[in-house]
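Residue numbers (the numbering used here), protein chains in the order written: chain A, 10 to 111; chain B, 225 to 788.
One or more hints might be untrue.
What the hints assert, rightly or not - Interface residues of chain B toward chain A, partial, derived using beta-carbon atoms under 7 Å:
| id | residue |
| --- | --- |
| 1 | S589 |
| 2 | G614 |
| 3 | V618 |
| 4 | A700 |
| 5 | G701 |
| 6 | L702 |
To be verified - When the alpha-carbon atoms are kept at most 27 Å apart in a straight line, the in silico BS3-like pairs for lysine-lysine are as follows:
| id | chain 1 | residue 1 | chain 2 | residue 2 |
| --- | --- | --- | --- | --- |
| 7 | B | K749 | B | K718 |
| 8 | B | K567 | B | K696 |
| 9 | B | K742 | A | K88 |
| 10 | B | K742 | A | K11 |
| 11 | A | K51 | A | K88 |
| 12 | B | K325 | B | K298 |
Stated by the list, open to error - A few chain B residues facing chain A, derived, Cβ under 10 Å:
| id | residue |
| --- | --- |
| 13 | D611 |
| 14 | S613 |
| 15 | Y660 |
| 16 | T662 |
| 17 | Q670 |
| 18 | S671 |
| 19 | A672 |
| 20 | G673 |
| 21 | A679 |
| 22 | D730 |
| 23 | D737 |
| 24 | C738 |
| 25 | R777 |
| 26 | D778 |
These are computed hints drawn from the structure, not numbers from a lab. Quick caveat: nothing in here was measured; it's all calculated off a predicted structure. The C-beta atom is built at its ideal place from N, Cα and C for all residues, glycine as well.
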Amino acid sequence: MKYRIVDEENGPTLVLSDQLLFDHRDLFDTAIDKLLARKQPKVVVDMAGLSYMDSAGLGMLLTLRDRADRAQVAVTLRKPGPEVAELLDLACFESLFTIERS
Amino acid sequence: MSAAAARALVVDDERMNREVIVANLRVAGFETVTAEDGLQAWEILDAHPGAFDVILLDRRMPRMDGMELLRKLKDDERLDHIPVIMQTAYADPQDVTDGIKAGAYYYLAKPLDRRLLLSVTEAAIADHQRRQRLLDDLDKRTTAMLLLDSGTFRFRTLDEGHTLAVALARACPQARHLVAGLSELFTNAVEHGNLGIGYDEKAQLLENRRWRQEIEARLDTPQGRNRRVEVQVTRQDDSISFVIRDQGDGFDWRGFGQISPERAFAPHGRGIALARNLAFDQVEYNESGNQVCARLNLAARPDDQEAPVCAIASSLNVAAPPLVSEEIQLARAMQLELLPQPKALDDLLRRSGLHLSAHFETSSSLGGDLWGVQVVDQYRTGLWVADFSGHGLVAALNVFRLHALIAQCAPVADMPAAFLSELSRRLSDLLPVGQYATMIYGVVDQSAGLFRYAAAAMPPPLLRQADGQIEKGDGAGLPLGLSSRVTYVERQMKLAPSGLLFLASDGLADNPDCDGVKLGNAGIKALIQESGQQCVADSVLAPFLARVARPLRDDLTAVCCRLP
């Protein structure tokens with residue numbers, strides 16, 4: 010997984026690329042720290058560049074959601090690619106996150 | 225595994241080692257009996273000499289060690305034919321050589337690698353059964369071949385080779401040894417010679433249980449139909465010689481003919497050494513390896529001479545077993561014990577006619593998958609597959625939690641949606657944020673002719689109807705353990721006689737093969753479509769298992785339920 014944080018109009022955006030896998034938990038945690046440190050009411054996770062996410066990736070998104078909830082920050086998942094979208098749909102993540110489709 | 229109810233005697237003084245082996249063998253369908261040392265094993269064998277198909281023997285034990293027991297077995301004609309697999313933590317070449325000389329057929333290095341344990345055990349039993357069949361046949365043939373002076377024979381298939389080996393051996397002294405030796409050389413000429421199956425390839429085929437199938441397929445190619453093995457037999461005053469010639473490109477026979485302790489750990493490759501040591505006085509290959517001359521001296525050779533059965537193997541490229549601690553080994557054995565045991569599946573088959581089989585494979589020593597059966601009543605059977613997020617130790621510990629919680633949900637076992645809701649509620653109290661399980665729970669309802677199920681983010685259930693059509697269910701749903709108030713929906717699929725219900729964790733679609741290609745949902749469908757009516761999980765998955773990259777990236781569970 011690779012990431013960068015871009016400050017956009019809608020709030021800080023975590024732009025993910027490559028793959029989100031079990032081994033990237035620590036890296037993802039660090040990214041969440043930085044994202045929430047912006048102290049904005051909304052954050053976005055841009056998933057367009059993410060070619061694959063395994064089931065551990067869902068767990069990381071859940072961790073993000075939990076931490077964001079406690080900080081009263083809303084999370085939007087943006088433009089998941091087909092394979093990632095399939096996994097999000099399978100897990101009914103639409104009921105947990107706002108998902109912006111491409 | 226195919227050799228149903230083969231029985232193994234597991235001899236080891238350390239309880240944990242016994243449990244690890246027993247757990248693995250049971251999962252593979254073996255019956256097991258354990259002994260704590262050589263003396264206890266001897267007492268069991270002495271009292272029940274016909275009861276065992278294979279013996280797994282530790283070397284260093286109190287009271288009577290493995291070597292002593294091995295010698296006693298080989299000195300007892302009731303027991304000398306049972307294959308013995310020596311386990312050694314030491315892998316000292318001298319130890320291995322001593323064992324080979326004393327008649328140990330196969331070796332396993334500790335810590336045990338599960339796949340190797342099973343493939344070596346199955347190979348030992350299969351080799352043994354084949355030899356027993358040869359001996360049985362030997363007693364049935366007539367003796368006209370005794371008149372044979374010289375002759376040329378040609379054969380094409382393994383069965384023809386088998387028949388010829390029996391007939392020729394019958395014409396010679398030491399027929400019981402000779403038949404095994406000839407059979408080995410004939411088999412080599414067909415599979416390695418005419419059909420061109422390489423050593424590593426054979427190891428792969430054996431491991432995936434496709435060896436027979438591959439032989440049949442290659443025999444049916446134009447080349448396979450045309451090629452013959454020619455056997456020239458010449459009897460002289462002091463010797464009988466067999467010149468065996470195949471029409472292949474030859475093979476590298478070097479290294480297969482003598483004792484080589486470092487190669488004693490592979491599941492096959494014992495044929496030539498067996499032939500040389502057991503049956504013949506001389507075995508010589510030509511340079512390219514497509515012709516072998518085996519000679520038997522007719523000079524005085526005491527009938528009771530017991531040549532050692534040798535464990536020789538070539539360089540099967542098996543990765544060294546991962547070094548895992550004893551605690552992890554024990555945890556692994558315990559985890560395997562959570563899975564439905566063969567007896568429970570037999571009971572289910574008898575009671576409801578449902579034939580249940582599964583493939584369960586972890587990506588590391590411990591896994592995050594689990595599957596199970598929950599009997600509701602005579603006509604209704606709960607069936608489930610679960611997969612914890614992540615893998616390794618944390619996932620495995622969660623699996624133990626889940627297993628305990630599932631038992632508590634038994635009162636709603638007939639209501640899939642309620643079952644998952646209840647399970648999710650209980651899990652959410654236990655799991656930290658970010659950990660969750662995916663699961664499918666369904667009831668095979670034979671009275672209603674339905675599979676009623678609920679799913680929590682699992683790959684869809686697949687149902688193959690008797691006409692071969694495959695129906696895909698829906699696995700969508702929130703993962704378990706996220707919150708205490710999640711409800712699930714009940715879905716259903718219509719069951720018909722002879723249908724095949726297939727459930728799997730995402731490891732099946734997602735584990736890439738050696739070229740990095742994933743099976744995906746379409747690939748899974750194709751596997752099921754191509755499987756026969758009598759398929760089991762292992763046979764459905766065989767083409768996938770042959771190509772998947774190991775170690776697996778994710779745990780893998782697949783369950784097949786065949787309807788009556």
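Structure-based check of all given hints:
1. For S589/B, the interface hint is violated, since its Cβ never comes within 7 Å of a Cβ in chain A; the closest pair sits about 16 Å apart.
2. Evaluation of the G614/B hint against chain A yields a held restraint, the C-beta minimum of about 5 Å falling below 7 Å.
3. Violation of the interface hint for V618/B is found here, the shortest Cβ-Cβ separation to chain A being roughly 10 Å, above the 7 Å cut-off.
4. Here the hint on A700/B is kept, as its CB sits about 5 Å from the closest CB of chain A, short of 7 Å.
5. Because the smallest distance between the Cβ of G701/B and any Cβ of chain A comes to about 6 Å, under 7 Å, the interface hint for this residue holds.
6. Annotation: L702/B was flagged as interfacial toward chain A, and the flag holds, the nearest CB pair being 5 Å apart, inside 7 Å.
7. Of the supplied pair hints, the one linking K749/B and K718/B holds, its CA atoms being roughly 18 Å apart against a limit of 27 Å.
8. For the hint linking K567/B to K696/B, the alpha-carbon distance of about 30 Å lies beyond 27 Å, and the restraint is violated.
9. With a C-alpha separation of about 23 Å, the suggested pairing of K742/B with K88/A holds against the 27 Å cut-off.
10. The suggested pairing of K742/B with K11/A holds, with an alpha-carbon distance near 22 Å, which does not exceed 27 Å.
11. For the given pair, K51/A sits about 16 Å from K88/A by alpha-carbon distance, which is consistent with the 27 Å threshold.
12. For the proposed pair K325/B and K298/B, the alpha carbon gap of about 11 Å is at most 27 Å, so the pair holds.
13. A cut of 10 Å between beta carbons decides the hint on D611/B: the least distance to chain A is about 7 Å, and the hint holds.
14. The beta carbon of S613/B comes within 4 Å of a beta carbon in chain A, closer than 10 Å, and the hint placing it at the interface holds.
15. Interface restraint check: Y660/B against chain A, minimum CB-CB distance 6 Å, threshold 10 Å, status holds.
16. For the restraint placing T662/B at the interface with chain A, the shortest Cβ-Cβ distance is roughly 7 Å, inside the 10 Å limit, so the hint holds.
17. With a least beta-carbon distance of about 29 Å to chain A, the hint placing Q670/B at the interface is violated under the 10 Å criterion.
18. A least Cβ separation of about 31 Å between S671/B and chain A goes past the 10 Å threshold, and the interface hint is therefore violated.
19. With its C-beta approaching chain A no nearer than about 27 Å, A672/B sits outside the 10 Å limit, and its interface hint is violated.
20. The beta carbon of G673/B comes no nearer than 27 Å to any beta carbon in chain A, farther than 10 Å, and the hint placing it at the interface is violated.
21. Satisfaction of the interface hint for A679/B is found here, the shortest Cβ-Cβ separation to chain A being roughly 9 Å, below the 10 Å cut-off.
22. For the restraint placing D730/B at the interface with chain A, the shortest Cβ-Cβ distance is roughly 6 Å, inside the 10 Å limit, so the hint holds.
23. Below 10 Å, beta-carbon pairs count as interface contacts, and D737/B has none with chain A, the closest being about 15 Å; its hint is therefore violated.
24. Look at C738/B: its Cβ only gets to about 18 Å from chain A, farther than 10 Å, so that hint breaks.
25. Below 10 Å, beta-carbon pairs count as interface contacts, and R777/B has one with chain A at about 8 Å; its hint therefore holds.
26. Satisfaction of the interface hint for D778/B is found here, the shortest Cβ-Cβ separation to chain A being roughly 7 Å, below the 10 Å cut-off.
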